[in-house]
Amino acid sequence: MRRPDVAFDDAAGALAAGLASGMTRRSFLGRLGAGVLGVVGGSAVAAAVEPDEAEAFHFCGHIWTTGSCPSPLGIPRIDKNGFPIRAKDARPIDNLGRLVNAQGFPVTEGGKRMNGPDGAPLERGPRTKICEDWIPERFGIDAHTQGSWYRCCGGQIRKLVDCCSRSRKRINGDASLTGYCYSGRRVFCVMYYDSGLKC
Amino acid sequence: MIETITPAVCGSRRRHRLAVALFTVSAVLAAALVGLVLGFAGSAVGPATALVAAAAVLAALAALRELGLVRVPLPQARRQVPERWHAELPLPLWAAGYGAGLGLGAFTFQPVATFWVACAAALALGKPLVAAALFALYGLGRALMIVLPHRGIRPADAVERLVDRRRTLVRANGVVLGACAVALALAPLAGAARPQALALGPGSELDPSFSRGILAFTQRVSGVSHVVVREGKATVQFPGQEPALDGDLLAFRDGGGVHVIRWRTGEEIASFEAASRPALAWPWLAYNHERQDGSSEILLRNLAKGGVRGVVRGGPKMDFGRPAIGKGRVAWQAVGPGGSRIGLMALATGRRVLVAHTKIGLLAHPALSDGRLLWVDRRRGGSKLKIWAIGTRSARVLTQTASSGRVFWTTALAGRTAYLTRWYTGKGIARIESLRF
Numbered sequence: 587m588r589r590p591d592v593a594f595d596d597a598a599g600a601l602a603a604g605l606a607s608g609m610t611r612r613s614f615l616g617r618l619g620a621g622v623l624g625v626v627g628g629s630a631v632a633a634a635v636e637p638d639e640a641e642a643f644h645f646c647g648h649i650w651t652t653g654s655c656p657s658p659l660g661i662p663r664i665d666k667n668g669f670p671i672r673a674k675d676a677r678p679i680d681n682l683g684r685l686v687n688a689q690g691f692p693v694t695e696g697g698k699r700m701n702g703p704d705g706a707p708l709e710r711g712p713r714t715k716i717c718e719d720w721i722p723e724r725f726g727i728d729a730h731t732q733g734s735w736y737r738c739c740g741g742q743i744r745k746l747v748d749c750c751s752r753s754r755k756r757i758n759g760d761a762s763l764t765g766y767c768y769s770g771r772r773v774f775c776v777m778y779y780d781s782g783l784k785c
Numbered sequence: 002m003i004e005t006i007t008p009a010v011c012g013s014r015r016r017h018r019l020a021v022a023l024f025t026v027s028a029v030l031a032a033a034l035v036g037l038v039l040g041f042a043g044s045a046v047g048p049a050t051a052l053v054a055a056a057a058v059l060a061a062l063a064a065l066r067e068l069g070l071v072r073v074p075l076p077q078a079r080r081q082v083p084e085r086w087h088a089e090l091p092l093p094l095w096a097a098g099y100g101a102g103l104g105l106g107a108f109t110f111q112p113v114a115t116f117w118v119a120c121a122a123a124l125a126l127g128k129p130l131v132a133a134a135l136f137a138l139y140g141l142g143r144a145l146m147i148v149l150p151h152r153g154i155r156p157a158d159a160v161e162r163l164v165d166r167r168r169t170l171v172r173a174n175g176v177v178l179g180a181c182a183v184a185l186a187l188a189p190l191a192g193a194a195r196p197q198a199l200a201l202g203p204g205s206e207l208d209p210s211f212s213r214g215i216l217a218f219t220q221r222v223s224g225v226s227h228v229v230v231r232e233g234k235a236t237v238q239f240p241g242q243e244p245a246l247d248g249d250l251l252a253f254r255d256g257g258g259v260h261v262i263r264w265r266t267g268e269e270i271a272s273f274e275a276a277s278r279p280a281l282a283w284p285w286l287a288y289n290h291e292r293q294d295g296s297s298e299i300l301l302r303n304l305a306k307g308g309v310r311g312v313v314r315g316g317p318k319m320d321f322g323r324p325a326i327g328k329g330r331v332a333w334q335a336v337g338p339g340g341s342r343i344g345l346m347a348l349a350t351g352r353r354v355l356v357a358h359t360k361i362g363l364l365a366h367p368a369l370s371d372g373r374l375l376w377v378d379r380r381r382g383g384s385k386l387k388i389w390a391i392g393t394r395s396a397r398v399l400t401q402t403a404s405s406g407r408v409f410w411t412t413a414l415a416g417r418t419a420y421l422t423r424w425y426t427g428k429g430i431a432r433i434e435s436l437r438f
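First to last, the protein sequences are chains A and B.
Read in order, the letters of the first sequence correspond to residues 587 to 785 in our numbering.
Read in order, the letters of the second sequence correspond to residues 2 to 438 in our numbering.
Quick caveat, the hints were computed from the structure, so don't treat them as lab data.
Some hints could be false.
[What the hints assert, rightly or not] Cβ-to-Cβ under 10 Å is the rule here; a few derived chain B residues that face chain A:
#1 ARG221
#2 GLY337
#3 PRO338
#4 THR359
#5 ILE361
#6 ARG380
#7 THR426
Predicted model, so just to flag it, every value in this text is computed and none were measured.
We put the CB at the ideal spot given by N, CA and C, even for glycine.
Between the sequences and the hints, there should be enough to build the whole structure, so can you do that?
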């Protein structure tokens with residue numbers, strides 16, 4: 587016989603997945619519903635929604651309203667050092683959204699060096715930290731990666747990261763919240779890092 | 002004045018013909034000079050769209066004035082050509098002097114506003130030769146006033162007839178000026194600031210370089226690159242890529258490094274190994290040099306006097322791309338994992354300026370000409386072609402694309418025309434476009 591908490595989790599997950607697949611990107615009620623259900627059935631929601639689609643919920647594990655940090659492909663997935671990676675497969679990308687190899691050169695899906703119109707392999711492009719580099723340049727404010735919290739998403743522990751600033755406005759344009767920030771900073775935008783640890 | 006240049010006043014029919022010829026040539030040349038100066042002035046100041054808008058407003062105002070709807074005073078020199086010249090000077094001098102005085106336009110009475118609208122339009126056009134040609138027509142018009150009346154009608158009668166029809170002529174002038182105002186207002190929307198693809202042949206074309214009416218570029222067909230020098234419809238080809246053109250001289254890269262040749266004869270001037278991406282403005286050659294430790298640098302050579310000096314150097318992760326050189330300056334890109342920047346150095350003083358920098362975008366492919374610097378600002382969301390009038394506060398966007406599949410690549414700049422390679426990443430081809438700004 588199934589444990590009651592597992593059954594509840596599954597039911598919540600199924601409901602959330604149904605909501606997610608049916609709502610539009612701008613559906614506030616859908617977002618709210620998915621967010622509430624995500625609290626109780628987060629793992630199932632994450633499993634039901636592919637990472638590229640997850641922005642409809644904001645992203646798995648994040649139920650508050652502060653918006654995502656800007657990133658090359660829209661979804662602010664970062665590696666452990668704060669650099670952008672592709673949400674669906676965690677492959678590193680540069681600031682232009684191109685897949686890059688370990689040396690930072692743009693590569694194809696198959697991993698081959700990408701060529702330019704002159705037939706020569708493309709040179710490296712910039713690949714910089716979402717919080718510390720993108721936010722100050724785009725918004726003219728200081729920004730530091732500070733507080734974080736954890737949720738279970740897609741069967742692994744997801745670290746949700748606050749990009750904090752002394753700005754009193756957050757990326758949404760309204761007043762910012764303290765969140766997990768410290769030293770007088772407040773949450774400007776949020777990112778996430780998937781740890782790979784099972785939960 | 003119109004009665005001065007008659008056979009009776011000139012003394013004989015032969016002297017009259019001489020006076021008419023000198024008057025005409027002088028008026029045409031003087032008017033062309035006005036156009037030339039205004040065209041040069043227009044090419045030196047910017048932005049062009051603001052000048053076109055100003056010319057459109059002026060034309061509209063002039064049209065309303067001519068139609069009698071508003072009263073606007075004209076800038077006037079309330080003078081006529083000096084009558085005493087005819088008495089004091091020899092015929093060639095006074096005939097040419099009268100022509101020049103009327104051809105210059107601003108030194109004699111202007112009954113209508115058209116001349117000043119033409120001045121504003123020439124300024125906005127910013128093309129000295131075209132403006133000179135158009136203003137030459139104004140000089141020709143002035144000359145016709147002394148030529149046409151002699152075909153069966155007395156000069157004084159011709160003037161009287163014009164005066165009788167003045168109201169109709171002024172109204173017609175107003176309508177034409179109104180049409181000019183509309184045309185000027187629509188010019189920016191009608192493609193003046195829209196890139197136009199150049200039909201340069203099969204395959205991919207990239208790396209434009211423009212000098213004295215001649216375009217050089219790399220053409221790739223079936224994976225093989227050639228440098229094409231195109232003068233009118235005639236073309237010359239060399240095996241290689243990355244051309245840099247300066248008059249009769251061409252620098253380009255092949256497997257052996259960078260070569261500098263006289264492209265009309267093929268005679269080689271110089272060659273440099275481990276070099277790529279040349280930029281040429283005689284006697285200077287700037288190029289990318291790969292060092293033995295894997296790092297790269299931009300070197301600057303004086304091809305006339307010899308000698309080489311470094312412009313910028315970086316580690317193995319830095320990409321300096323193709324530098325640009327012209328008007329005593331050299332510009333370069335520096336792209337690395339930590340960001341990108343566009344730098345500029347004065348050749349005479351060695352003074353460097355950081356023109357633009359970013360940690361999140363890709364600034365690349367600079368081009369230099371006539372006090373302006375052009376480059377590509379590429380982001381995830383698309384590409385922008387930016388231009389900076391050197392010494393001014395900020396750069397402006399000439400054109401942009403939001404498509405990540407049609408990115409901007411190498412550029413060239415000649416006066417107020419930008420050349421741009423557009424790379425279609427999906428198809429793997431590139432096309433060169435020109436953009437008048």
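Evaluation of the provided hints:
1. At a threshold of 10 Å, the smallest CB-CB gap from ARG221 of chain B to chain A is about 6 Å, leaving the interface hint in force.
2. With a least beta-carbon distance of about 7 Å to chain A, the hint placing GLY337 of chain B at the interface is held under the 10 Å criterion.
3. Interface hint status for PRO338 of chain B: upheld, as the beta-carbon distance to the closest one in chain A is roughly 5 Å, under 10 Å.
4. Interface hint at THR359 of chain B: satisfied, since its Cβ lies 6 Å from the closest Cβ of chain A, which is below the 10 Å cut-off.
5. Residue-level restraint check for ILE361 of chain B holds (minimum Cβ-Cβ distance to chain A is 5 Å; threshold 10 Å).
6. The restraint placing ARG380 of chain B at the interface with chain A holds, with a minimum CB-CB distance near 7 Å, inside the 10 Å limit.
7. About 8 Å separates the beta-carbon of THR426 of chain B from the nearest beta-carbon of chain A, less than 10 Å, and the hint is met.
Of the numbered hints listed earlier, not one is contradicted by the structure.
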